[in-house]
Amino acid sequence: MEFKVPTMAELMAMGEEPEILFWVGCAGSYDERAQKITRDICKILHHVGIKYAVLGTEESCTGDPAKRAGNEFLFQMQAMTNIEVLNGYNIKKIVTGCPHCFNTIKNEYPGLGGTYEVIHHTQLIQDLINEGKLKAEGGESFKGKKITFHDPCYLGRANGVYEAPRKALEVLDADLVEMKRCKSNGLCCGAGGAQMFKEPEKGTKDVNIERIEEALATQPQVIAAGCPFCMTMLSDGVKLKDKEQEVKVLDIAEITARANGL
Amino acid sequence: MAAQIIFILLLIAGIGLFSFNARKVIRNIKLGRPKDRSDQPAKRWGTMLKVAFGQTKMAARPIPFLLHLVVYLGFVIINLEVLEIMIDGIFGTHRVFSGLGGLYNFLIGSFELLAIGVLLACVVFLIRRNVMKLKRFSGVEMKTWPKSDANYILIVEILLMSAFMIMNGADYKLQALGEAHYVTAGAYPISMWLQGLLPADAATLIVIERACWWFHIVGIFAFLNYLPYSKHFHILFAFPNTYFSNLEPKGEFTNMASVTNEVKAMLDPSFVPAETAPGKFGAKDVNDLSWVNLMNAYTCTECGRCTSVCPANITGKLLSPRKIMMDTRDRLEEVGKNIDKHGADHQDGKALLDDYITREEIWACTSCNACTEACPINIDPLEIIVELRRYAVMEESVAPGSINAMLGNVENNGAPWKYSPADRLNWANQD
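Here the protein sequences come in this chain order: V and C. If you read the first sequence in this note's numbering, its first letter stands for residue 6, the second for the next number, and so on. If you read the second sequence in this note's numbering, its first letter stands for residue 17, the second for the next number, and so on.
For reference, chain V alone in the conformation it holds in the complex (with noise of 0.2 Å):
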């Protein structure tokens, strides 16, 4: 990274309070793909300007795969914890880069003491544009390339973003084809519900399986994701199906940001 990347405990230390925490998540810290979403989301952060931070170390995993797979302890475990080292830094703005982070904390959190206004790194990346603040020019050209979004459930259904996305991709002047099965509609990667951690069920086939064969239908350059689970399945789903060269899985951040030479 050519800059910095500030903590809480390192502008709390200068008596400085950031603008909006961006709350990494364990894919976005740990997964070697997902890192380099998490890397793109600051290197956006950075260029505009918005004084941001990490937790770094102090962050922990939200609960989500926990409360989803049916233990409410841990996940009450977790959520209290990390309300406290939230509430301790008197956070007020979470941008999320991850759906399934975003929503446990938007609208779990409240009900435990945890009140903040979350936004998904999406919903962030249309502010800036509408803000006028981002656009894309200085970096790679996606004029005219197709690209096919698939929704992440837990942004999508869960929480009814579906244009924030869209927004990001739209002002790329690409060509923006749809998959049958989309917004409300939309079919999951197969990962959510804890399933990111099993293997799965008896049956004929993968749902990332299913999912790509629909993705790959629309003759795609470039399947985008907005969340590091849905990353993983469609990424592993293509190179399935023999189809690297062809077709690249890019997340609206890491796309956003090469639009922009980031």
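These are calculated hints, taken from the structure and not from any lab test. Glycine included, every Cβ here is placed at the ideal spot set by N, Cα and C. A hint or two may mislead.
[Said to hold, decoys possible] Simulated crosslink set (DSBU-like; lysine-lysine; CA at most 35 Å straight-line): (1) C:Lys66 with V:Lys203; (2) C:Lys366 with C:Lys151; (3) V:Lys185 with C:Lys159; (4) C:Lys434 with V:Lys207; (5) C:Lys149 with V:Lys207; (6) V:Lys210 with V:Lys140; (7) C:Lys73 with V:Lys207; (8) C:Lys66 with C:Lys151; (9) C:Lys66 with V:Lys244; (10) V:Lys56 with C:Lys51; (11) C:Lys280 with V:Lys98; (12) V:Lys207 with C:Lys59; (13) C:Lys51 with V:Lys97; (14) V:Lys203 with C:Lys300; (15) V:Lys148 with V:Lys248; (16) V:Lys188 with C:Lys247; (17) V:Lys203 with C:Lys366.
[Claimed, not checked] Taking CB as the label site, the calculated pair distances span: (18) C:Tyr168 with V:Asp247: 50 to 58 Å; (19) V:Lys185 with C:Arg53: 34 to 42 Å; (20) C:Thr374 with V:Val182: 54 to 62 Å; (21) V:Thr209 with C:Phe122: 51 to 59 Å; (22) V:Leu245 with C:Lys51: 38 to 46 Å; (23) C:Ile79 with V:Glu219: 16 to 24 Å; (24) V:Glu175 with C:Thr374: 54 to 62 Å.
Knowing the structure of chain V, use the given hints to seat chain C on it.
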């Protein structure tokens, strides 16, 4: 006079038996855990008007939407005619509303048009199920009774509409013959075409007209009493079910208050928890579910929109959200029968989990909410799946090995994978 007495007795028996069975259903629903859904009444009325009365979520599939709309409007509007039949039956009158003149002609004419629409729609529905064999109507849970149930409903509706039409046709012919008692009233845009098929002799016509009249109304009483045994209960339950449906974002799962108390006490030893009733975590059986879950089960009309969009089901897994709802109702009915036979404390050693819904099913769910989005009357199979998972994980500590490993990692490392928390910011120092 005898006819009036028989009619009144049938009416009392029909409504009496239905209230008796409906009370049992309501008692069964009340076996569920409490859940407060009394908030935001204005929004709730709005949801009911839009989703149940307005059928908005049906529109996602245009062909069944239109067919169902005809049957739905037919059901609601033709019930005005049932009101006349009731009054005629009780007081021995004939077409008591005929004094309305032009309006009456318009009403009867509209009923006939709707009735023929309902009849044709039901024929198409039967073809879709039995000839075209649409995939949505098949599946492990759609064999035996559920399959017959669907066909019985459609056949009964066709018979009721046919009786209504033949009754009108005979009446019209009797009116033309100037038969006493058969006042000239009504417009018969459909049944007028039956004239040629009906006999010319007045006595036979009267027999046909009366027979159809009785068949129609007794059929309606019988159908009413069929509802508690059938998926067709949705014609009543759709309304309260949408009123009490979830208004929060679909991604928000409930925070369990009982757990909050324990976790707070664990994190802060000085915390004194508020009184909460002890109980098990999650659901093993139907009475561990909320009353809303149980009402959902009685409301389900087994249309299979949920299952047809379920990623697990699409890819051949055992999980079918429709089956989750059907199993819940079947088990609840069984628990209800046990109470009737053996009293409230009877245990039959069975439960919803394992005896009806298997572990393989509940662990195949991706919690993607496609099922809740697809349901035309806001049923929520996902909440039941999550409650069963909660029981398996928190009460039994029984989960797939990889899930246990993930939970262990979250607990010990603050991440679902086995990485050191100290390495959490390493990404910032690369590239």
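Exercise. List in ascending order the numbers of the hints, as given earlier, that are violated by the structure.
Key: 1, 6, 9, 10, 12, 20 and 24
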